[in-house]
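S.K.: Protein sequence lines, in the order shown, are assigned to chains U and C. One rule links them: number in the numbering used here = place in the first sequence (from 1) + 373. One rule links them: number in the numbering used here = place in the second sequence (from 1) + 373.
Among these hints, one or two may not hold up.
Since the list gives no way to pick one copy over another, a pair counts as held whenever it fits inside one copy or between any two copies.
To be verified - Only pairs whose alpha carbons sit at most 30 Å apart, straight line, appear in this in silico DSBU-like list of lysine-lysine:
1. K430 - K400
2. K533 - K468
3. K379 - K430
4. K468 - K430
5. K541 - K400
6. K468 - K549
Hints in this document: simulated from the structure, not taken from any laboratory. Just so we're clear, the structure is a prediction, and the values are computed from it rather than from any experiment.
Number of protein chains: 2
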Amino acid sequence: MDDLNKQLDFIIELDRLKGVYRQALVKSDENRFENSAEHSWHISLTAQILHEYAVEKVDISRVTCMLLIHDIVEIDAGDMFAFSEPEALSEQENKEIAAANRLFGLLPEQQFQAYNQLWLEFESAETNDARFAKAMDRILPLLQNMRNEGGSWVRHNVKKSQLIDRNKHLEGLAPKLWLYVCRQIDLAVEQGWLEDA
Amino acid sequence: MDDLNKQLDFIIELDRLKGVYRQALVKSDENRFENSAEHSWHISLTAQILHEYAVEKVDISRVTCMLLIHDIVEIDAGDMFAFSEPEALSEQENKEIAAANRLFGLLPEQQFQAYNQLWLEFESAETNDARFAKAMDRILPLLQNMRNEGGSWVRHNVKKSQLIDRNKHLEGLAPKLWLYVCRQIDLAVEQGWLEDA
Chain U
374 MDDLNKQLDF
384 IIELDRLKGV
394 YRQALVKSDE
404 NRFENSAEHS
414 WHISLTAQIL
424 HEYAVEKVDI
434 SRVTCMLLIH
444 DIVEIDAGDM
454 FAFSEPEALS
464 EQENKEIAAA
474 NRLFGLLPEQ
484 QFQAYNQLWL
494 EFESAETNDA
504 RFAKAMDRIL
514 PLLQNMRNEG
524 GSWVRHNVKK
534 SQLIDRNKHL
544 EGLAPKLWLY
554 VCRQIDLAVE
564 QGWLEDA
Chain C
374 MDDLNKQLDF
384 IIELDRLKGV
394 YRQALVKSDE
404 NRFENSAEHS
414 WHISLTAQIL
424 HEYAVEKVDI
434 SRVTCMLLIH
444 DIVEIDAGDM
454 FAFSEPEALS
464 EQENKEIAAA
474 NRLFGLLPEQ
484 QFQAYNQLWL
494 EFESAETNDA
504 RFAKAMDRIL
514 PLLQNMRNEG
524 GSWVRHNVKK
534 SQLIDRNKHL
544 EGLAPKLWLY
554 VCRQIDLAVE
564 QGWLEDA
């Protein structure tokens, strides 16, 4: 039963991700801030719905698992806004690596290795699976902000070039989605929700 | 782009599940009520961690997809406490079938059929995949209540026999987990958190 107890401790520890809040707003629930657990659910399902647009080989089962675990490190490291200063982002990266070791380290050795590897693959964003997963993590805030009069972009003066750079994993991998994102970005500039720079 | 627009409308509609609240409490976030979106994330990951305990063939990719979508119907039908009166549960079932038709019906035809079928398979709880998915949906509230001094069991005077019946999908399918659950139920009775009946 020793492995099972480790796994159950990990599962209970996951509860804390429901108390980590992001910059995105939940329009349908009094415009409160979104937490990282419900966000992880939403993008996992987004990936299920949209993976038919990938024109390169993407394993949706691996992508889903990546998305389910991708934010767990925030339990220790907290959420950081995507367009923060470079030094802050670099410091955050170190915190997240330590968090992955502690949190996945609650699991039995074999699962620890598997989840840690999968999370590192996601972070590196080099494989098709990781690029698609990253793209899903980024397309959803775009959809949310477009329906929330620019949302966090407006509050943080985000630039068009930052957003294009952030969504570029779609280019080549899912051209139809990339085209859609580019159009939305242009629309957001027209509305004054993104700086034209 | 017509299919894509339908899919994006569905993805945006999913946001509303973050405003559907359950009986379980999130201990790590000021003991507020848990919503069905973050719950869906938690049990999807619970299934990933625990599926090695299944002794019959279980397709974890299908199970995960089932768990990601299983509560979407609550956007229209609301959440109902598991141990409500039979008439209320039967009325809820009809509401959920209508909800599945409307919500999955936002998707292109092929995806509508696929998700509706998968949801019906989950509800019927006859296949191994559906039984394992149901078991995950039920083991997590048990873990939560055990760490919350009985939680919703105490508030609603739940009986031991009800809980055994509710977790019986594990019997045969995942004997180690079934044994664990039975022990926890006995412990809860000892603590006075479940009625010994």
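S.K.: Does each hint hold? Answer for all of them.
M.R.: Hint check results:
In this assembly of identical chains, K430 and K400 lie within 30 Å of each other by CA distance neither inside one copy nor across copies; the values are 34 Å within and 41 Å between. Proximity of K533 and K468 under a CA criterion of 30 Å is satisfied intra-copy only: 29 Å inside one chain copy versus 44 Å between copies. Taking the shortest alpha-carbon separations for K379 and K430, only the inter-copy value of 24 Å comes in at or below 30 Å, while the best intra-copy value is 35 Å. Taking identical chains as interchangeable, the C-alpha atoms of K468 and K430 are never at most 30 Å apart, the minima being 32 Å within one chain and 39 Å between chains.
When the C-alpha separation of K541 and K400 is checked against a cutoff of 30 Å, the pair qualifies only within one copy, where the shortest distance is 26 Å, while the shortest distance between copies is 38 Å. Within a single copy, K468 and K549 get their C-alpha atoms no closer than 36 Å, and across copies no closer than 36 Å, so neither meets the 30 Å cut-off.
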